[in-house]
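Undergrad: If you're matching them up, the sequences are chains A and B in order.
Using my numbering, you'd call the opening residue of the first sequence number 1 and step up by one each time.
Using my numbering, you'd call the opening residue of the second sequence number 181 and step up by one each time.
Hints may contain errors.
Taking lysine to any residue pairs in the SDA-like style, the calculated list, with each CA pair at most 25 Å apart, reads [as the list claims (entries may be wrong)]: (1) Lys231(B) / Lys288(B); (2) Lys74(A) / Pro271(B); (3) Lys288(B) / Pro60(A); (4) Lys300(B) / Asn119(A); (5) Lys258(B) / Phe69(A); (6) Lys164(A) / Ala195(B); (7) Lys300(B) / Ile77(A); (8) Lys292(B) / Asp248(B); (9) Lys74(A) / Leu275(B); (10) Lys329(B) / Asn86(A); (11) Lys326(B) / Tyr149(A); (12) Lys74(A) / Lys231(B); (13) Lys272(B) / Gln135(A).
No lab work stands behind these hints: they were computed from the structure.
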Amino acid sequence: MGWIGDTVDSIKSIQIRQLLTQGVSLGMIVTSALIIWKALMCITGSESPVVVVLSESMEPGFKRGDILFLHMSKEPIRAGEIVVFNVDGREIPIVHRVIKVHERQDTGEVDVLTKGDNNPGDDRLLYAQGQHWLQRHHIMGRAVGFLPYVGWVTIIITEKPIIKYILIGALGLLVITSKD
Amino acid sequence: MHSFGYRLNVLLTFAVTILALMCAMASLSDNLNTPSPSAEIQIMNINWFQKQPQGNDEVSLTMNISADLQSLFTWNTKQVFIFVAAEYETPKNSLNQVSLWDAIIPAKEHAKFWIHTSNKYRFVDQGNNLRGKEFNLTLHWHVMPKTGKMFANKIVMTGYSLPEEYR
Chain A
1 MGWIGDTVDS IKSIQIRQLL TQGVSLGMIV TSALIIWKAL MCITGSESPV
51 VVVLSESMEP GFKRGDILFL HMSKEPIRAG EIVVFNVDGR EIPIVHRVIK
101 VHERQDTGEV DVLTKGDNNP GDDRLLYAQG QHWLQRHHIM GRAVGFLPYV
151 GWVTIIITEK PIIKYILIGA LGLLVITSKD
Chain B
181 MHSFGYRLNV LLTFAVTILA LMCAMASLSD NLNTPSPSAE IQIMNINWFQ
231 KQPQGNDEVS LTMNISADLQ SLFTWNTKQV FIFVAAEYET PKNSLNQVSL
281 WDAIIPAKEH AKFWIHTSNK YRFVDQGNNL RGKEFNLTLH WHVMPKTGKM
331 FANKIVMTGY SLPEEYR
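Go ahead and model the full structure; you've got the sequences and the hints to work with.
TA: Okay, structure coming up:
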């Protein structure tokens, strides 16, 4: 296959200026991706505008590997909404449905209880020690839309980090050896 | 310009773009659907009504739920999640929503149903305000699509109330 010979030739003939230009292009691509991500955070009002479903607790609706689009508006939290929340002390956010809401007359603050559709019991076991309810500040966003299967890439990269290194290595090689 | 790698790159980009476009169109087609669901809930019996040791009121009741939600299903619908919530007001809380029962409807054939059941989840108040309380029973549904935007709506049924005394 001639392209192996071509690749070796192109590595031999690298010039500094070309390399720097390609480095800058790569930097521009990464920065644009970051800008888009931050813009999405602003538009959706959520710290994490897209999340990957990691467990089977919302089956058959959401399967492992699906991605969810989140949006956080000022609207009050109501029963039935699918929310993504962080429990103090746990780093992985949880995506479950709200089954109970108690909203205070005076302050408008809410106590919320959640449960995964596929779980037999509610989420009190998952909350922090002594915590019986979630408050608004625990909730990162509401799920408003979803795409199936797309999140598997993230799961594979997270669970088998070697694949991450292989991918980055291959991309780096591609950038260096490409003519344009 | 015509290398294998270049062609593969262009092909993959095109394929992903077309796939994304198809998912968006599938989701948009859901807007063409105008649903006309109906539901009715009767409370057959208040099984018991007690104040718990911690001071919160709790009720156990048996309901008859019948509904026709077939018009909610489109070709892009994966399932419809429905639940019945009791909604009421107390002096401390402007709104209380307590889910009593829920179900997943996987297909249109199962969307017209009738069920006689006691409450799946405990009907517990924050406090002891439930004696003689008037409340609404709301049937909520969430349509979960195969791909795209999720829809939700509800039917509010008013006129239910709890007994004046504990039983």
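Undergrad: For each hint, tell me whether it holds in the structure or not.
TA: Results of checking the hints against the structure:
For a cut-off of 25 Å, the pair hint linking Lys231(B) to Lys288(B) is broken: about 41 Å separates their Cα positions. For the hint pairing Lys74(A) with Pro271(B), the CA-to-CA distance comes to about 24 Å; that is within 25 Å, so the pair holds. The straight-line distance between the Cα atoms of Lys288(B) and Pro60(A) is roughly 16 Å, inside the 25 Å bound, and the hint therefore holds. Distance restraint check for Lys300(B) and Asn119(A): the Cα-Cα separation of roughly 13 Å lies within the 25 Å cut-off, and the hinted pair is therefore satisfied.
Distance hint between Lys258(B) and Phe69(A) is fulfilled; the C-alpha atoms sit about 17 Å from each other, no more than 25 Å. Only pairs whose Cα atoms come within 25 Å are accepted, and Lys164(A) paired with Ala195(B) is accepted, the gap being roughly 23 Å. Distance restraint check for Lys300(B) and Ile77(A): the Cα-Cα separation of roughly 22 Å lies within the 25 Å cut-off, and the hinted pair is therefore satisfied. For the suggested pair Lys292(B) and Asp248(B), the alpha carbons sit about 4 Å apart, so the restraint of at most 25 Å is met.
A C-alpha spacing of about 17 Å is found between Lys74(A) and Leu275(B), which places the hinted pair at or below 25 Å, so the restraint holds. Taking the CA atoms of Lys329(B) and Asn86(A), the gap is near 23 Å; set against the 25 Å cutoff, the hint holds. At most 25 Å may separate the alpha-carbon atoms for a hinted pair to count; Lys326(B) and Tyr149(A) meet this at roughly 11 Å. Restraint check: the Cα-Cα separation between Lys74(A) and Lys231(B) comes to about 35 Å, which exceeds 25 Å; the hinted pair is violated.
Our distance criterion of 25 Å between C-alpha atoms is met by Lys272(B) and Gln135(A), whose separation comes to about 16 Å.
Consistency with the previously given hints fails for numbers 1, 12, ordered from lowest to highest.
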